[in-house]
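Colleague: Just so you know, the sequences run in chain order Y and R. Just so you know, we're using the working numbering here: the first sequence kicks off at 17 and counts up by one. Just so you know, we're using the working numbering here: the second sequence kicks off at 3 and counts up by one.
Among the clues, some could well be false.
Only pairs whose alpha carbons sit at most 30 Å apart, straight line, appear in this in silico DSSO-like list of lysine-lysine [what the hints assert, rightly or not]:
| hint | chain 1 | residue 1 | chain 2 | residue 2 |
| --- | --- | --- | --- | --- |
| 1 | Y | K206 | Y | K21 |
| 2 | Y | K281 | R | K112 |
| 3 | Y | K73 | Y | K56 |
| 4 | R | K165 | R | K249 |
| 5 | Y | K21 | R | K112 |
| 6 | Y | K18 | R | K249 |
| 7 | R | K112 | Y | K277 |
| 8 | R | K112 | R | K249 |
| 9 | Y | K56 | Y | K206 |
| 10 | Y | K247 | R | K249 |
| 11 | R | K272 | R | K224 |
| 12 | R | K57 | R | K224 |
| 13 | Y | K117 | R | K299 |
| 14 | R | K165 | Y | K247 |
| 15 | R | K112 | Y | K144 |
| 16 | Y | K18 | R | K299 |
| 17 | Y | K206 | R | K112 |
Keep in mind the hints are simulated off the structure, nothing from the lab. Small disclaimer: the values here were computed from a predicted structure and weren't measured.
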Amino acid sequence: MKKAKTAGAYVFLIISCFFTIFPMLFMLTLSLRTKVDIIKEGVLSIPEKLHFENYIKAWETGHFSTYFSNSIIISVISVVGVLIFATLIAYAMTYYNFRGKGLVNALILIGLIIPFEIVIIPLFYNMKAVGLLGTRAPVYLTHIALNIPFSVFLLKGFIKDIPTALVESARIDGAPELTVLRKIVVPIIKPALVSVIILIFMWTWNDFMLSNIMLGEDNIRTLPLGLSFFKGKFTRDIPLTSAASTIIMTPVLLVYLAFQKYMIKGLSMGAVKG
Amino acid sequence: MLKTKLRKKGTGFGVIPYVFVFPGMLLFFLIAVVPIFQTIVLSFTDWNGVTALDKINFIGIDNYKTIISGQEFMAALKNNIIWAVVSVTIPIAIGLIQASVIVNSNVKFKNLFQLLLFLPQILSSMIMSIMWLAIYDPASGVLNAVLEVIGLDSLVRPWLGDKDTAIYALLVMSIWMAYGFNTIIYCTAIRAVDQTMYEAATLDGANSLQAFFRITIPSISKTTTTLLLLSLIGAFKVFDVVYQMTKGGPGYYTYVISYYLYQTAFTSNKIGLGCAIAVLLSILVFVVSRVFLRLRKED
Numbered sequence: 017m018k019k020a021k022t023a024g025a026y027v028f029l030i031i032s033c034f035f036t037i038f039p040m041l042f043m044l045t046l047s048l049r050t051k052v053d054i055i056k057e058g059v060l061s062i063p064e065k066l067h068f069e070n071y072i073k074a075w076e077t078g079h080f081s082t083y084f085s086n087s088i089i090i091s092v093i094s095v096v097g098v099l100i101f102a103t104l105i106a107y108a109m110t111y112y113n114f115r116g117k118g119l120v121n122a123l124i125l126i127g128l129i130i131p132f133e134i135v136i137i138p139l140f141y142n143m144k145a146v147g148l149l150g151t152r153a154p155v156y157l158t159h160i161a162l163n164i165p166f167s168v169f170l171l172k173g174f175i176k177d178i179p180t181a182l183v184e185s186a187r188i189d190g191a192p193e194l195t196v197l198r199k200i201v202v203p204i205i206k207p208a209l210v211s212v213i214i215l216i217f218m219w220t221w222n223d224f225m226l227s228n229i230m231l232g233e234d235n236i237r238t239l240p241l242g243l244s245f246f247k248g249k250f251t252r253d254i255p256l257t258s259a260a261s262t263i264i265m266t267p268v269l270l271v272y273l274a275f276q277k278y279m280i281k282g283l284s285m286g287a288v289k290g
Numbered sequence: 003m004l005k006t007k008l009r010k011k012g013t014g015f016g017v018i019p020y021v022f023v024f025p026g027m028l029l030f031f032l033i034a035v036v037p038i039f040q041t042i043v044l045s046f047t048d049w050n051g052v053t054a055l056d057k058i059n060f061i062g063i064d065n066y067k068t069i070i071s072g073q074e075f076m077a078a079l080k081n082n083i084i085w086a087v088v089s090v091t092i093p094i095a096i097g098l099i100q101a102s103v104i105v106n107s108n109v110k111f112k113n114l115f116q117l118l119l120f121l122p123q124i125l126s127s128m129i130m131s132i133m134w135l136a137i138y139d140p141a142s143g144v145l146n147a148v149l150e151v152i153g154l155d156s157l158v159r160p161w162l163g164d165k166d167t168a169i170y171a172l173l174v175m176s177i178w179m180a181y182g183f184n185t186i187i188y189c190t191a192i193r194a195v196d197q198t199m200y201e202a203a204t205l206d207g208a209n210s211l212q213a214f215f216r217i218t219i220p221s222i223s224k225t226t227t228t229l230l231l232l233s234l235i236g237a238f239k240v241f242d243v244v245y246q247m248t249k250g251g252p253g254y255y256t257y258v259i260s261y262y263l264y265q266t267a268f269t270s271n272k273i274g275l276g277c278a279i280a281v282l283l284s285i286l287v288f289v290v291s292r293v294f295l296r297l298r299k300e301d
């Protein structure tokens, strides 16, 4: 009885996993074929020859190295910005009383509930007015600003759990506030900071709507956006777009496999606390 | 407790709190707060994004009238509601079942299963769209090919181009995109359930189905409501997939509100009208989450 149940669980999970990764596997097979051979032999046939040259062509025509460095620059700046600003705010909100604290609290709360759609239209024209359109700044500045409330909320939950005596004794020893933050608070809330890094990196790396609106020039486009334009150019060439997607997907998969424990933990922490 | 240990205003810290808070909050204020008011003001104008700001005409609630009486908004709203109904049921149910099988069964490789089920969550929507465009492709898609092989030729169709199937094709994809996240969150939640309850239930002769309904589901209800709320909000904001797969078509059969907003403001340059859509969408998201949280409290 118990054995049958375990067998059933295996069957269920294996089918689930197959359904989950099937689109990826299918795309991988498409990326190694040609348009002609798909039409002639049908997609379910086993190809006689694998066409790795799709990858070379996709890489050469796609400007993906430019898109890749744009994605890295935007995500890294966004993550660093959010980390610094959110940690400082979360620390101040926990350990100080100051005029305007209520206002800051209210703004953070608003930030947690407002949908991004209510700011995006004027934001585009504001960025244009101050001359930032045509650079990467509108995207990372917006990522930083919009992710501050969530990150402050998450970090505050962890900073609150630090025994006050720990901070107080450091202060009595004459440590400056920034040192207290760096040497005592940051090491303790490291798991939360890791989770912020992972979440913000993933969100900014995969962002489509904001980049699509703000990044008009080809030389500043991010990977998802570059892929979208590549697909627009080669709509009917499924093997080529599949090869391009596989190229883009590979580093993300490697990072995921290397850091999956942190990623899964980070995400659950974000969802449960947030 | 904590409050009493906090220092009073002006007791030794001087400007430090402000130095800590100001840079981040200034950025947030300029980027996330100021534009809210701009959106609201602009929603009562006929600005086209080009004319000088002093030549903008205030036209009252005309934009809102245009939206409510037009066919785009109603078509979009209907699709968003269908999207919401599907995404608060199926992906959450799938996630719950997968998680409870992983946690409460004797299978090995639990981490591997979790790893694979979570995989789509790390991909950008653009890559997922390319995968699913290839699956639904009328000429070389795997879906039509499989249907032909198993003799269901009559079902073969251009899934995304057919007005009867386009929205459901997108929904199947959205289910695939969503459940892995729920599975992982539920795994964490179910692991935190007191294991002695399951032992007691087994001693009392309960089978695993009874344990699932009597122990698992009630113990993780807080996680469920969080996931429901996240899915519900996500369903009213859905944009990427529609933009990348169907552009709202055929006709308005996959049109959604945020795509309507995007097209109005950034393709047709009707800024005033676009801002009015943004206001309506925000009100909608806000009301839906309030009602939901109210219902949760009553439970």
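Colleague: Now tell me, hint by hint, if it's right for this structure.
Modeller: Evaluation of the provided hints:
no., hint, in the structure
1, K206/Y - K21/Y, "41 Å, violated"
2, K281/Y - K112/R, "15 Å, holds"
3, K73/Y - K56/Y, "22 Å, holds"
4, K165/R - K249/R, "13 Å, holds"
5, K21/Y - K112/R, "16 Å, holds"
6, K18/Y - K249/R, "50 Å, violated"
7, K112/R - K277/Y, "13 Å, holds"
8, K112/R - K249/R, "39 Å, violated"
9, K56/Y - K206/Y, "56 Å, violated"
10, K247/Y - K249/R, "14 Å, holds"
11, K272/R - K224/R, "42 Å, violated"
12, K57/R - K224/R, "52 Å, violated"
13, K117/Y - K299/R, "28 Å, holds"
14, K165/R - K247/Y, "23 Å, holds"
15, K112/R - K144/Y, "50 Å, violated"
16, K18/Y - K299/R, "40 Å, violated"
17, K206/Y - K112/R, "27 Å, holds"
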